[in-house]
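Produce the entire structure from the sequences given, and follow the hints as far as they go.
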Amino acid sequence: MKLSFKWRVLLGCLLVALIPLLICSFVMVRVFEVNLRSQTWQSGELQIARVNEELGRRFASYEEAARIVAGDRLVAELLLSPDELRKNEVYLTLYRATDKLRGGVQFQLYDKQGVLRYTTDSAPAAMSLSRYNGVLRQAADNRDRLAYADIEGERILMRCAQAIPDGSGGIAGFVAASLNEQSFAEALGGLYDNTSTLYIVDSFFEPVYSNSMNNIDSAIASLRTSYLETGTLPYDPENNLSYHLAVEPLSGYYLIIEQPAQITGGALELMNTISLGATIVCLGLCLVVSLLLSRSLTKPLEQLSSAMERVKQGEFETRVSLDRTDELGSLANSFNRMASDLDIYMKSLVQRQQELDDTRIRMLQAQLNPHFLYNTLDTMKWTAKMHGVPEVACLASNLAVILRRSISSERFVTLEQEMEMSRRYIDIQCIRFSGKFTYVFDIPDELAECYVPKLVLQPLLENAIIHGLRDSDSGYLYVYAIAREDELHLSVTDDGCGMDSDTVNSLNSGKYELREGHLGLYNVNTILRMYYGEQYGLSASSIEATGTTVTAVLPMRREVCEGDEGSNS
Amino acid sequence: MRLGVRIFAVVVATLMSGCSGVQQQPEPQATPAKLVIATPHREEMYKPLIKEFQQRTGIWVQVETAGTPLLLERLANGTLEADVIFGGGVDSLAAYVDGFEPYRSPELEGIDPAYCPEGGEYTPFSTLPLVFFYNTKLLPYGTAPDSWGELLTPEWQGKVAFADPNVSSSCYTALCTAIVAQPDREPAEVIDSFFDCAALQSGSARIQEVVSDGSYMIGIVLEEAAVKQSKLRHDVDFLYPSDGSSALPDGTAIVKGCSNLQAAKKFIDFTISEDAQRLVVDMSRRPVRSDMSPKAGMLPIERIKLVSYDVQWSAENREPILARWNMLAAQGEGLR
Numbered sequence: 001m002k003l004s005f006k007w008r009v010l011l012g013c014l015l016v017a018l019i020p021l022l023i024c025s026f027v028m029v030r031v032f033e034v035n036l037r038s039q040t041w042q043s044g045e046l047q048i049a050r051v052n053e054e055l056g057r058r059f060a061s062y063e064e065a066a067r068i069v070a071g072d073r074l075v076a077e078l079l080l081s082p083d084e085l086r087k088n089e090v091y092l093t094l095y096r097a098t099d100k101l102r103g104g105v106q107f108q109l110y111d112k113q114g115v116l117r118y119t120t121d122s123a124p125a126a127m128s129l130s131r132y133n134g135v136l137r138q139a140a141d142n143r144d145r146l147a148y149a150d151i152e153g154e155r156i157l158m159r160c161a162q163a164i165p166d167g168s169g170g171i172a173g174f175v176a177a178s179l180n181e182q183s184f185a186e187a188l189g190g191l192y193d194n195t196s197t198l199y200i201v202d203s204f205f206e207p208v209y210s211n212s213m214n215n216i217d218s219a220i221a222s223l224r225t226s227y228l229e230t231g232t233l234p235y236d237p238e239n240n241l242s243y244h245l246a247v248e249p250l251s252g253y254y255l256i257i258e259q260p261a262q263i264t265g266g267a268l269e270l271m272n273t274i275s276l277g278a279t280i281v282c283l284g285l286c287l288v289v290s291l292l293l294s295r296s297l298t299k300p301l302e303q304l305s306s307a308m309e310r311v312k313q314g315e316f317e318t319r320v321s322l323d324r325t326d327e328l329g330s331l332a333n334s335f336n337r338m339a340s341d342l343d344i345y346m347k348s349l350v351q352r353q354q355e356l357d358d359t360r361i362r363m364l365q366a367q368l369n370p371h372f373l374y375n376t377l378d379t380m381k382w383t384a385k386m387h388g389v390p391e392v393a394c395l396a397s398n399l400a401v402i403l404r405r406s407i408s409s410e411r412f413v414t415l416e417q418e419m420e421m422s423r424r425y426i427d428i429q430c431i432r433f434s435g436k437f438t439y440v441f442d443i444p445d446e447l448a449e450c451y452v453p454k455l456v457l458q459p460l461l462e463n464a465i466i467h468g469l470r471d472s473d474s475g476y477l478y479v480y481a482i483a484r485e486d487e488l489h490l491s492v493t494d495d496g497c498g499m500d501s502d503t504v505n506s507l508n509s510g511k512y513e514l515r516e517g518h519l520g521l522y523n524v525n526t527i528l529r530m531y532y533g534e535q536y537g538l539s540a541s542s543i544e545a546t547g548t549t550v551t552a553v554l555p556m557r558r559e560v561c562e563g564d565e566g567s568n569s
Numbered sequence: 001m002r003l004g005v006r007i008f009a010v011v012v013a014t015l016m017s018g019c020s021g022v023q024q025q026p027e028p029q030a031t032p033a034k035l036v037i038a039t040p041h042r043e044e045m046y047k048p049l050i051k052e053f054q055q056r057t058g059i060w061v062q063v064e065t066a067g068t069p070l071l072l073e074r075l076a077n078g079t080l081e082a083d084v085i086f087g088g089g090v091d092s093l094a095a096y097v098d099g100f101e102p103y104r105s106p107e108l109e110g111i112d113p114a115y116c117p118e119g120g121e122y123t124p125f126s127t128l129p130l131v132f133f134y135n136t137k138l139l140p141y142g143t144a145p146d147s148w149g150e151l152l153t154p155e156w157q158g159k160v161a162f163a164d165p166n167v168s169s170s171c172y173t174a175l176c177t178a179i180v181a182q183p184d185r186e187p188a189e190v191i192d193s194f195f196d197c198a199a200l201q202s203g204s205a206r207i208q209e210v211v212s213d214g215s216y217m218i219g220i221v222l223e224e225a226a227v228k229q230s231k232l233r234h235d236v237d238f239l240y241p242s243d244g245s246s247a248l249p250d251g252t253a254i255v256k257g258c259s260n261l262q263a264a265k266k267f268i269d270f271t272i273s274e275d276a277q278r279l280v281v282d283m284s285r286r287p288v289r290s291d292m293s294p295k296a297g298m299l300p301i302e303r304i305k306l307v308s309y310d311v312q313w314s315a316e317n318r319e320p321i322l323a324r325w326n327m328l329a330a331q332g333e334g335l336r
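Residue numbers (our numbering), protein chains in the order written: chain A, 1 to 569; chain B, 1 to 336.
Keep in mind the hints are simulated off the structure, nothing from the lab.
Among the hints, erroneous ones may be present.
In silico PhoX-like cross-links for lysine-lysine, where the CA-CA straight-line distance does not exceed 25 Å [said to hold, decoys possible]:
hint : chain 1 : residue 1 : chain 2 : residue 2
1    : B       : LYS266    : B       : LYS34
2    : B       : LYS34     : A       : LYS112
3    : A       : LYS347    : A       : LYS312
4    : B       : LYS266    : B       : LYS256
5    : B       : LYS231    : B       : LYS47
6    : A       : LYS112    : B       : LYS256
Shown next as structure tokens:
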């Protein structure tokens, strides 16, 4: 997937900012929630265990008390045949047996008809109980243990009773305990949280006690329905209530603790909303920062890129100005320098091209109609011959040949051909300066086929004859060619007055400029340099009053190379 | 890049999955045996019985309460979701015998056969004589009408507390009783005069209340309610109409096609068992067991003048009788 730089920066920022935030906030919220739920659960289980334990303890103590009373012979006897005078003995037994148990709990003794005979209560709830139904019936059916029954509609909430045997398999009466709301509250008060609701229900989910008695019936009704249908108590997500269930073994009663959630759905939602909000803010921040960052990078790069485009089109004056001191700033500076260097280079190229053109124009201007020249010279030659002036004939014919060669379009000739031209040139000069000098050509045969620029030697010869042999009566000219590695050295040596050191030095240095009266050497130097390169050209050595040697250095060429031509002719 | 995206997706999914919330719940127990009872009885009436039944059999009972006609209507529609209908005068039950599963309990031996239907579609529970219940401050002793003939006269127009016989089965029984007890009057005439005399209350339970608090001088109630009120208050009393009252039992019936048939049968057995009938006696109702007498202080049944109330006739004529009553009620609305 190829993304532009801008998008990669954005994506990177997003990843760096969002992932830790998401992980932190959501993980934290989840961990917190799970932890809290688990803690709440643990606490609920603990509460119900405590309540169960206390209730079981109390019931066990009632069982014990009932066992004592039921086992007492006196009690049985006096229930069967009541004796008002011995009432206090029964009460003594009763009170002793139920010592420490009577905080809100009342104890009664009923005879075998179910009529109340003895009670610790000053205002008993029921003067008689049915023998055929209810707690006395249960006690009669299950001897030797307490029967438990919840009571509707009276001041008390539950009653437990045990049959008192009469010693011959029958029942003398019943011992019973009755518990009201206060006794439950006192017994179980501090064992569970204020926020939890405790329900005690019998084994058929008939309500016995709750710490909020007002709506016990409706609450239990819905729990009962759920328990009947599913065998378990519901988790009520709407009201965030969770339930714990335990069974008290002695009575078979169910204990239910209803716990509200420690953290409401609303609070959780709020936390989630805040996380979401923070995420969105982060997202926005990321976007902004990444946009700014990428802009600060891509804008200068675009500037550079468009500048380079313009330079490519040929606008070498293009410069990039970035007001920055960082890497991009130095890049811009380098670009600017490069552009200006390019500018200069291109200008110099143009200049050289122009100079070449100028030279060519000059050459063209120098051209005259060749046929006119040839014919005139020819006429001169024949007229001279007819009138018996052989020197004139020689001058004219040599000149004609030289002119023909110089006008011709070819630019390179063999060394042998060049020497031929040089001889003719010198012949002319000989006639002009008759008898004044002698010359020698020394060209090895193997170099005769080398190609050299046309009329390259002529300026050297001219320079030697005119400047070198100016003041001499008889001079000596030595023209020779040497191969040195892949270079060809053509030298003209004269034994004249010598060249002044200025000219020698400037020739050798390669910076030979046009001077008055040295046009020939300048041209040769220029031609050699332009054809072959800066490392070729003329060089000179001279000893005052002894002689001068001017050497043209050019590469050895056995055939004409197109590449040597500086431009089309 | 792909690997990174995958890892990210997995992490996010893990985080989000827990958000639904796994709740710890108590271990589910095995669902116990249950029985669904539909009853028109009041809570103080059915609660002790049902608690006792649960205690003895271990069957969990779910109770739905509604008026008798409503329950029977639902039964006819097939929308009654109960195993047993507990309560309702037998004249109402007799009209819907097709919806009941017949059952002859072994305990029926102790029951007066006059109360039991031939087909065994329902089992009687307690007998309920009708009485005139009156306020002694407003109607001193001797001035209260002592027969249907005396009561259903223009003198008592609009003064007799009553309830809509469409809704209250005891009131329907009263209407039929009045017709049967006055053979020399046309049934239509009896219905008309009854309608004129009746001051309709919101329910049969209200009748005893409005007589007790003095809003009305006299009302037609079941003996049980009258006895209870008389015990509580000194300014109310009741009498049995001299031209004949009826003592229709109310009954218990198993709904045909119910899901807890065994439990339903056990319940029926329990309702006519000695212990249950003892509870009935304690509640000032008359037991259906022939070996048991009502609570001390109540007139033995032989001493009450009863008309020969034909349950079948009452069931068959239910529609026309109620239609006439409703027509009168509609006319009355129009007049007002």
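Structure-based check of all given hints:
no., hint, result
1, B:LYS266 x B:LYS34, "12 Å, holds"
2, B:LYS34 x A:LYS112, "34 Å, violated"
3, A:LYS347 x A:LYS312, "15 Å, holds"
4, B:LYS266 x B:LYS256, "15 Å, holds"
5, B:LYS231 x B:LYS47, "21 Å, holds"
6, A:LYS112 x B:LYS256, "43 Å, violated"
The structure fails to meet hints 2 and 6 from the earlier list, while all remaining hints are met.
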